[in-house]
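Student: These are the residues of each chain, in order.
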Amino acid sequence: MTATKPRQSATRAAQLGFLQAINQAQTEEMERDERVVLMGQDLRANVFGAADGVLAKFGAARVRDLPLSEAGSIGLAAGAAMAGLRPVVDLTVASFVFVAMDQFVSQLAKVRYMFGGQARVPVVVRAALYYQGGTAGHHADRPYPMFMNVPGLKVVVPSNAADLKGLLESAIRDDNAVLCFEDANLWGRKGRSPKPADDVEHLVPLGVAATPRTGTDVTVGGIGQGVYLAIQAAAELEKDGVSCEVIDPRTLVPMDWPTIEESVRRTGRCVAVDPANRTCSAASEISAHVVETCFDALRGPVVRVTTDDVHVPFSPALEKQIYPSKDKVTAAVRRTLA
Amino acid sequence: MYAVRLFEEATIALFHAGDLPAMVHLSIGQEAAAVGACMATTSDDYMTGNHRSHGHPIAKGARLDRLMAELLGKATGVCGGKGGSMHLADFSVGSLGESGIVGSAIPVATGAGFAAQVRGSDQVALCFFGDGAANEGVFHESANLAGTWKLPVVYFCENNGLAVSAKISDTAAVPDIAIRAAGYAMPGVVVDGQDVLGCYRATSAAAARARRGDGPSLIEAKTYRFHEHAYGLAVPVPYRDQTVVDSWFDTVDPITSFAGRLLAWRLADEADINAVRAGVEQVVEQAVQFAKDSPYPEPEAAYTDLYAAPEEVDA
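Protein chains in written order, with our numbering: chain A, 1 to 338; chain B, 1 to 315.
Treat the hints with caution; some may be incorrect.
To be verified - Calculated pairs, SDA-like style, for lysine to any residue (alpha carbon to alpha carbon, straight line, at most 25 Å):
{"id": "1", "chain 1": "B", "residue 1": "Lys150", "chain 2": "A", "residue 2": "Arg62"}
{"id": "2", "chain 1": "B", "residue 1": "Lys150", "chain 2": "A", "residue 2": "Ala61"}
{"id": "3", "chain 1": "B", "residue 1": "Lys150", "chain 2": "A", "residue 2": "Ala56"}
{"id": "4", "chain 1": "A", "residue 1": "Lys190", "chain 2": "A", "residue 2": "Pro143"}
As the list claims (entries may be wrong) - Some, not all, of what chain B presents toward chain A, calculated at C-beta under 7 Å:
{"id": "5", "residue": "His87"}
{"id": "6", "residue": "Ile101"}
{"id": "7", "residue": "Gly111"}
{"id": "8", "residue": "Ala112"}
{"id": "9", "residue": "Ser142"}
{"id": "10", "residue": "Leu306"}
{"id": "11", "residue": "Tyr307"}
The set of hints was computed from the structure by calculation and includes no laboratory data. Keep in mind the model is a prediction, meaning the values are calculated, not measured. Just so you know, even glycine gets a beta-carbon here, dropped at the ideal spot from N, CA and C.
Input sequences plus hints: build the corresponding full structure.
Tutor: Written as structure tokens, this is what we have:
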């Protein structure tokens, strides 16, 4: 296993976890800029574990527990941003975005454009992707592709804690609405990463991909946990002499197309691994873009590894099979080589 | 009020001349509510409105020529031609925008009030919405949040009794939206929406309460729209009696009734009123001319304003 996780060889004390990353990013940005306010459900009791100490540090004016009012909360954040604050909203479970969809689309995404550039909406909305754990139909969605389809929003899906911290800090400083989807499968060991130095500002720019593994035969793009699966598959394929380059876009809007195109032009093959439902997924967008821009360089089909187009079933006997897995990624890579 | 009336009558003429790229939702008959409420605020205070959209920014102090240019989709419009009638906004006078999705700007005003509270300013947020919007979930969510956090928001319901064609008696369980205030620990008052001074007094009291830190209020102005939901909209089945419309127009036109009161109280004579009317007529005429003379935006403008460039931040 260690071969698949070269970045995780450090001791636990030198590593950063997902929840710590969120806490550090939020705390540092609230210290840096008094306009940053934190809002969320069960935040002050720190039920989700990422808000440790913020209430004591910043007080009740800037740390607010929200009622169960997702639409009201997102609209409130938009209005507060238009009036000078920089709200961070913890929406907890990503499936709850649907309750607030009108406010995301009609207000957060559109006001700047509709009003001819008068509005600034520096809002960050965080939501966790809680799939793969028996949460069933109402808690396990991975809805980020829907927001990729809405102009005016930025969309971030980090795959390790250091990136999460750095992307979140950039998102809070960005003058636009940024949606940060956090893959809950990475909360534990999988998402840990070397801890950035305490005394150095750790910013990861939006719209810049990472290449956690270089290779020459196939480009494997991964989203969230998809990066982890891609790295695992790459290690397995290496035994057969297949060299995979793994690319983690980290930001889905704006997507770092130059990095993806450059890699695919070099390898001639592409697999996109995405925990979202297959139709109109981020993987679909990557596939279409690669075919449009790199067709002459392709030596095999572009293949998507996604969640099947069904809702998430409860029973463990039903659930596991629908998601991307290391084996599905391995098979997809072999298909591009065939 | 007269500026709102003439501005909208000018849009009717532009509509028939084929100069208006889309329908407009007229507030003719409802001017006293918008004007009375906005006169109780300053340009530092925030305001959001709805698709019946022209009266709010005019009353808030926005320039009529730039508003009219926006209606014609011109580059000089308040939104550079990207918003149009239903999405007028003029941040320079605190107008954070009208909203075409019924009710969707209610939480936005609530957020502006929240920002004022966090920053410790004495600004208030004036939130216009109709009786139809009062049935949207975000009205409840916003009023509950504002009541809980004691936000400086004035919820101002322009109740014209109709959601397109649906009567409030068929769509709301209570006849007065204002009584819902009790559920949010805020005062709720009903005012005569045709009485500009009554609307002004109620909003002034609510704004003062908000500035004191005592939280939000809900004002319901009973008003009436004289035209269709949208100008030019053909409704196949009559849903209201024209004699009722006529009687409202004849008896409770907010403009003629206010002028009558000024005369009765000897605060103005006919000459004064005529002078005001003439001044407004000139401004509206100039606004229409400015809008017509203004250029359309360059096609490239369709691709700007989607995202903000980094803001200059003071150290």
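Student: Compare the structure with each hint and give your call.
Tutor: Hint-by-hint comparison with the structure:
In summary, the hint linking lysine 150 (chain B) to arginine 62 (chain A) is supported, as the alpha carbons are separated by about 15 Å, within the 25 Å threshold. Distance restraint check for lysine 150 (chain B) and alanine 61 (chain A): the Cα-Cα separation of roughly 12 Å lies within the 25 Å cut-off, and the hinted pair is therefore satisfied. Taking the CA atoms of lysine 150 (chain B) and alanine 56 (chain A), the gap is about 22 Å. The hint holds against a cut of 25 Å. Taking the CA atoms of lysine 190 (chain A) and proline 143 (chain A), the gap is near 22 Å; set against the 25 Å cutoff, the hint holds.
Hint on histidine 87 (chain B) holds. Least Cβ distance to chain A is approximately 4 Å, under the 7 Å limit. The interface hint given for isoleucine 101 (chain B) is met, as the beta carbon of that residue sits about 5 Å from the closest beta carbon of chain A, less than 7 Å. Here the hint on glycine 111 (chain B) is kept, as its CB sits about 2 Å from the closest CB of chain A, short of 7 Å. Given hint, alanine 112 (chain B) at the interface with chain A, holds; its Cβ is 4 Å from that chain's nearest Cβ, closer than 7 Å.
Using the Cβ-Cβ criterion of 7 Å, the hint placing serine 142 (chain B) at the interface with chain A is satisfied: the shortest such distance is roughly 5 Å. The interface hint given for leucine 306 (chain B) is met, as the beta carbon of that residue sits about 5 Å from the closest beta carbon of chain A, less than 7 Å. Annotation: interface hint on tyrosine 307 (chain B) holds; nearest CB of chain A at approximately 5 Å, less than 7 Å.
Going down the numbered hints, you'll see the structure goes against none, and every one checks out.
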